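Visitor: Taken in order, these protein sequences are the chains called A and B. If you read the first sequence in my numbering, its first letter stands for residue 406, the second for the next number, and so on. If you read the second sequence in my numbering, its first letter stands for residue 406, the second for the next number, and so on.
None of these hints come from the bench; they were simulated from the model. Bear in mind that the values here come from a model prediction, so they are computed numbers and not experimental data. Treat the hints with care, since some could be wrong.
Given that identical chains are not distinguished, each listed pair holds provided it fits within a single copy or across any two copies.
As the list claims (entries may be wrong) - Mimicking DSS-like on lysine-lysine, the simulated pairs with C-alpha atoms at most 25 Å apart in a straight line are:
1) Lys567 x Lys458
2) Lys607 x Lys478
3) Lys569 x Lys533
4) Lys530 x Lys567
5) Lys569 x Lys509
6) Lys478 x Lys587
7) Lys587 x Lys539
8) Lys569 x Lys478
9) Lys567 x Lys590
10) Lys587 x Lys458
11) Lys509 x Lys607
12) Lys587 x Lys530
13) Lys458 x Lys569
14) Lys530 x Lys590
15) Lys590 x Lys539
There are 2 protein chains.
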Amino acid sequence: MNTCNIETVVESVINELKAKVFVMVEASGRHVHLSKQDLYALFGDGYQLTPVKDLSQPGQYACAERVTITGPKGSLQNVVILGPTRPESQVEISLTDGLVLGVKAPVRLSGDIDNTPGITITNPKNGKSIIINKGLIVAKRHIHISPEDAERFGVSNGQTIKIKVFGERPVIFEDLDVRVNKNFKTAVHIDYDEANACGYTKNSMGLILS
Amino acid sequence: MNTCNIETVVESVINELKAKVFVMVEASGRHVHLSKQDLYALFGDGYQLTPVKDLSQPGQYACAERVTITGPKGSLQNVVILGPTRPESQVEISLTDGLVLGVKAPVRLSGDIDNTPGITITNPKNGKSIIINKGLIVAKRHIHISPEDAERFGVSNGQTIKIKVFGERPVIFEDLDVRVNKNFKTAVHIDYDEANACGYTKNSMGLILS
Chain A
406 MNTCNIETVV ESVINELKAK VFVMVEASGR HVHLSKQDLY ALFGDGYQLT PVKDLSQPGQ
466 YACAERVTIT GPKGSLQNVV ILGPTRPESQ VEISLTDGLV LGVKAPVRLS GDIDNTPGIT
526 ITNPKNGKSI IINKGLIVAK RHIHISPEDA ERFGVSNGQT IKIKVFGERP VIFEDLDVRV
586 NKNFKTAVHI DYDEANACGY TKNSMGLILS
Chain B
406 MNTCNIETVV ESVINELKAK VFVMVEASGR HVHLSKQDLY ALFGDGYQLT PVKDLSQPGQ
466 YACAERVTIT GPKGSLQNVV ILGPTRPESQ VEISLTDGLV LGVKAPVRLS GDIDNTPGIT
526 ITNPKNGKSI IINKGLIVAK RHIHISPEDA ERFGVSNGQT IKIKVFGERP VIFEDLDVRV
586 NKNFKTAVHI DYDEANACGY TKNSMGLILS
């Protein structure tokens, strides 16, 4: 038997609270990153993307330009392009979207696109299409963390943690990848299947559990 | 400090394993339950549903008949009817489906349909439509349990538990309602948003955590 008194109970509660950390949660809809070469092929040589909204991660923005994504079974229209351009094009969808397209996209971290399916991208305004031979992924759930927050939370780049998201349908997401970078603002990123599964709203917060 | 020896470690592992219970997990797609009156209005007086596949719950079956569900923003075609008929019609969709229809359906247990939205149901073969004035829900995650399993698992009707689902994207679903009935076969039911969020496949198993 443990002996118990009010001081030890209070101390244990305080320690438990200290170990728990709330973070912002964002749901990412389907989107496209384009290489300069693919951007020019779709929109014309030397084309510049039109930023319309800054994203939470510094330097990243949603663009006015929209494209259509087409697979063997169907299409997704009005898909947003995120800027700036990247070395390689990448299309991020949900597993639900994959059923519409008729393609089984693997769950991968952004940038990890070796041996992933290709897909057709079309600019609906001029009818120009490209076929990328890889780059279709379902984004693996992850948390962007600034080095300061990583130290405060006691986590490091490359590890995985669990996070509880408070919504109408509370869920603990396991196997959440930690990505630490001095350019990051701390935020959990889940996709819309995950967002709907936990009843996510814009005010939903995450609690780091381990 | 606790004193430790191999016997106490083994005993603690065995107790931990005993407390953990694996169960079958099933993902439910969108579907419709019809009252006799609504069935007759859509398919004709005295119409009998055509069972084509038994479901895991004894006496429940998928039917050959399909309907179209229409909301203010869009439609879902080819939606399966589950039999037998029920006292009240009920349409179960995912939150993703709700975006297609343009209706915000509440997360509810089956049968709990007071103050839920209505929806239009159409028989595409004869063009007949009905408008139900309530009954559109997103099914709240739940587990059907036989009385024997409930006793074995130490859970009772009406409580909520947590369950971990092992898939490509491991998730712990909290707030899972326990429903005990002598006619039930033990199975966890989640919807397709939840299934996609955990990388569910037909072999995914659930582990009761509490």
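Visitor: Would you mind marking each hint as holding or not holding in the structure?
Guide: Tested hints:
no., hint, in the structure
1, Lys567 x Lys458, "neither (30 Å within a copy, 38 Å between copies)"
2, Lys607 x Lys478, "between (32 Å within a copy, 22 Å between copies)"
3, Lys569 x Lys533, "neither (43 Å within a copy, 46 Å between copies)"
4, Lys530 x Lys567, "neither (43 Å within a copy, 49 Å between copies)"
5, Lys569 x Lys509, "between (27 Å within a copy, 24 Å between copies)"
6, Lys478 x Lys587, "neither (41 Å within a copy, 43 Å between copies)"
7, Lys587 x Lys539, "neither (29 Å within a copy, 51 Å between copies)"
8, Lys569 x Lys478, "neither (35 Å within a copy, 32 Å between copies)"
9, Lys567 x Lys590, "within (19 Å within a copy, 31 Å between copies)"
10, Lys587 x Lys458, "within (22 Å within a copy, 55 Å between copies)"
11, Lys509 x Lys607, "between (29 Å within a copy, 16 Å between copies)"
12, Lys587 x Lys530, "neither (38 Å within a copy, 60 Å between copies)"
13, Lys458 x Lys569, "neither (28 Å within a copy, 37 Å between copies)"
14, Lys530 x Lys590, "neither (35 Å within a copy, 54 Å between copies)"
15, Lys590 x Lys539, "neither (29 Å within a copy, 44 Å between copies)"
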